[in-house]
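Place chain U on chain D using the hints.
Residue numbers (the numbering used here), protein chains in the order written: chain D, 4 to 575; chain U, 9 to 97.
Read the hints as simulated data drawn from the structure, not as lab findings. A couple of the hints might just be wrong.
Some but not every residue of chain D turned toward chain U, in silico, with C-beta under 10 Å [unchecked claim]:
1) Ala78
2) Leu82
3) Gln307
Cross-link-like lysine-lysine pairs, in silico, DSS-like; alpha carbons within 30 Å at most [stated by the list, open to error]:
4) D:Lys348 to U:Lys14
5) D:Lys111 to D:Lys47
6) D:Lys111 to U:Lys47
7) D:Lys405 to D:Lys416
8) U:Lys79 to U:Lys14
9) U:Lys47 to D:Lys95
10) U:Lys47 to U:Lys79
11) D:Lys54 to U:Lys79
Cβ atoms here follow ideal geometry from the backbone N, Cα and C, with glycine treated the same way.
Okay, here's what each chain looks like letter by letter:
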Amino acid sequence: MLEIRGIAVSEGIALANAYCLMEPDLTFERVTIADINTELTRFKAAVVQTKAELQEIYTIAQGKFGDEEAAIFAAHQLLLEDPEMLAAIEGKINIGISAEYALDEVSKMFIAMFEGIDNEYMQERAADIRDVSKRLLAHLLGVELPDISRLSSDVIIVAEDLTPSMTAQLDTKYVKGFITDIGGRTSHSAILARTLGIPAIVGTKTATQVIKQGAPIIMDGINGKILLDATAEISQFYVRQQQIQQQLQGELNQFRSLPSISADGLRVEIAGNIGKPEDVEMVNNAGGDGIGLFRTEFLYMERQESPNEEEQFTAYRTVLEKMQGKPTIVRTLDIGGDKNLPYFKLPVEMNPFLGYRAIRICLSHQEMFRTQLRALLRASAFGNLKIMFPMIATLDEFRLAKALLLEEKDHLKSEGILVSETIEVGIMIEIPSAAMIADIFAKEVDFFSIGTNDLIQYTLATDRMNENVSYLYQPYHPAILRLIKTVIDAAHQHDKWVGMCGEMAGDEVAIPILLALGLDEFSMTASSILKTRAQIAKYSQKQLLQHIEPILKLSTASEVEEYVKKYLIIHR
Amino acid sequence: MKKTFKITTPEGLHARPSALLVTAVTPFECDVLLTYNDKSVNLKSIMGVMALGILPGSIVAISAEGADADKLIQTVSDIMITKGIGEEC
Numbered sequence: 004m005l006e007i008r009g010i011a012v013s014e015g016i017a018l019a020n021a022y023c024l025m026e027p028d029l030t031f032e033r034v035t036i037a038d039i040n041t042e043l044t045r046f047k048a049a050v051v052q053t054k055a056e057l058q059e060i061y062t063i064a065q066g067k068f069g070d071e072e073a074a075i076f077a078a079h080q081l082l083l084e085d086p087e088m089l090a091a092i093e094g095k096i097n098i099g100i101s102a103e104y105a106l107d108e109v110s111k112m113f114i115a116m117f118e119g120i121d122n123e124y125m126q127e128r129a130a131d132i133r134d135v136s137k138r139l140l141a142h143l144l145g146v147e148l149p150d151i152s153r154l155s156s157d158v159i160i161v162a163e164d165l166t167p168s169m170t171a172q173l174d175t176k177y178v179k180g181f182i183t184d185i186g187g188r189t190s191h192s193a194i195l196a197r198t199l200g201i202p203a204i205v206g207t208k209t210a211t212q213v214i215k216q217g218a219p220i221i222m223d224g225i226n227g228k229i230l231l232d233a234t235a236e237i238s239q240f241y242v243r244q245q246q247i248q249q250q251l252q253g254e255l256n257q258f259r260s261l262p263s264i265s266a267d268g269l270r271v272e273i274a275g276n277i278g279k280p281e282d283v284e285m286v287n288n289a290g291g292d293g294i295g296l297f298r299t300e301f302l303y304m305e306r307q308e309s310p311n312e313e314e315q316f317t318a319y320r321t322v323l324e325k326m327q328g329k330p331t332i333v334r335t336l337d338i339g340g341d342k343n344l345p346y347f348k349l350p351v352e353m354n355p356f357l358g359y360r361a362i363r364i365c366l367s368h369q370e371m372f373r374t375q376l377r378a379l380l381r382a383s384a385f386g387n388l389k390i391m392f393p394m395i396a397t398l399d400e401f402r403l404a405k406a407l408l409l410e411e412k413d414h415l416k417s418e419g420i421l422v423s424e425t426i427e428v429g430i431m432i433e434i435p436s437a438a439m440i441a442d443i444f445a446k447e448v449d450f451f452s453i454g455t456n457d458l459i460q461y462t463l464a465t466d467r468m469n470e471n472v473s474y475l476y477q478p479y480h481p482a483i484l485r486l487i488k489t490v491i492d493a494a495h496q497h498d499k500w501v502g503m504c505g506e507m508a509g510d511e512v513a514i515p516i517l518l519a520l521g522l523d524e525f526s527m528t529a530s531s532i533l534k535t536r537a538q539i540a541k542y543s544q545k546q547l548l549q550h551i552e553p554i555l556k557l558s559t560a561s562e563v564e565e566y567v568k569k570y571l572i573i574h575r
Numbered sequence: 009m010k011k012t013f014k015i016t017t018p019e020g021l022h023a024r025p026s027a028l029l030v031t032a033v034t035p036f037e038c039d040v041l042l043t044y045n046d047k048s049v050n051l052k053s054i055m056g057v058m059a060l061g062i063l064p065g066s067i068v069a070i071s072a073e074g075a076d077a078d079k080l081i082q083t084v085s086d087i088m089i090t091k092g093i094g095e096e097c
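This is chain U alone, in the form it adopts within the complex:
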């Protein structure tokens, strides 16, 4: 499962939006990666996500493998949109 998003928060993917995403995906069983500029990090790692320094307007891909991957991607999508972090593209 894979979906791409355009980051729309004015400050980019900083601590607060990152924290929202990491918190949401942590309970899931499957592994999840966030890919940005050819670099992939574990979306369950706030350090990993923040270290990418993702700027507003960036395109990121979220990919998940495993039993609950569909549900995870749906959750990420919901949070991106309802919290104004990003939009699907």
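Just chain D, same shape as in the assembly:
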């Protein structure tokens, strides 16, 4: 039996076969052939198979994402029917070149042609040709391409890392867990796993080298262990563990319809973070009190052009209606950093997290921003909408963003369109500068939502994507706790409320501290909602308050963690 260790970032136990996302071996010999007719037949058969496969992907994508996003796969099918491309390849086969070689030569020629056109869109089409050629080549070689949008049995995904676009494509129905070589608690695979309520182990360094495609594996997402070639006894042990976990979950379910309230009667709000309208179901299933963060960038990703006002309106309206009047906080577009859009070229930067991203892009691409604001304002008539702007560093940014919002509101009203008059407008606190002048912001905003993932990254100057400095990603660092206190105190002095939508809001150790500091709203992945509600129900805020002063005087993150675990984590 072989054991691999990594960082457990989403709890749970899974037993399934490995699905390794690796670049397949598509090398071939550049040979000439004697039997031209057989080669032509072989090529045509591969084209038919590839087209059938693309049709299947098209149907799946259409069902999952709609016509617009599926259209790309229809275009891919057309490439395979293209008379110019087919004639060129068959011409080469006719002079005795093997199908693989001919395909490679012709696709390279077309790729070079598209890349040579001085137009970014056309250059990206070269990627489509490359994609289709690769699929066709795989069929010629009889090699299976990994396709995470089409799974047919339970799998544990094993990858070097998962990109945001890969997670958007993923067929989550059959995914039982994630294992990656790199990454940390806030990597995309970790966040997605917690959203889905499945285990994830990251930072294994070697998983993709050690785990073989299709191998049965056991993941212990509580202790960060992966077991290969497990004995029958070990497998049995984990099956039992899995049952115990499910039983615990059953006990948590009784909190689904209970209010979020501490033992001494303090009401808080426990909300869910979502990326797509369909994620609302998971929040509602967990009995969430609202949506604390709707990451709208997912509406913009995995497509060829930005979503128009109508599409966005439909998405926001769907979410608001499904939430039935519960507070729903929508964050305006937050791209840049590690999130890119295929149709919106961002400059390559030395420090993308310190660069052109989020509100900074929106304020300089006002047309795109206004489209989103209009869609939001129109949707506001259908529920309890709150809007927040990400990455605010200065008061001027907030004032400008809000002015644009009010302008669009006036436009809509003059067009006779119904807009809610009670939309709260707030900001994310992610940048230390904003946290430090929260008292100034508090006079102008309606609420704050603390985005701890970025706040920690910026306060400790630690790139959350860089493994070498991941030890500095310290949510319990005294500086972070003090910043949070500063923000909450400033807001409450001005009768404003404060939420938190970073990973920290659902963290067992952080929760008693945040409750004591007076945090009003905790927003987290849906799978953490019930656990958090159960934990908060055990605390008396008045008793917690006696601990807050000693905690704030502690010198290091590990001292804070030790203190909380010793005095404030109540186990059954």
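Just chain U now, with coordinates in the frame of chain D:
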């Protein structure tokens, strides 16, 4: 048979509109060319059409020769207008 169109899609004749046109004309027997800036390509070839990089506002000519040429031109015209790709000029 020949007809000219002004392209009105905001993104020009890109993958999606091209795909609509190519799909519509492929079942026809006759040959069909799209001419833009003195360059002609087979309208049944998505590569050919996209490689022209046709921008919004461009004027393109569609010409067809053969038995079902009339019907083909009518089909192209319908798609241009109903899908908001272009207008006759």
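Q: Could you work out which earlier hints the structure fails to respect and list their numbers in ascending sequence?
A: Per hint list: zero violations.
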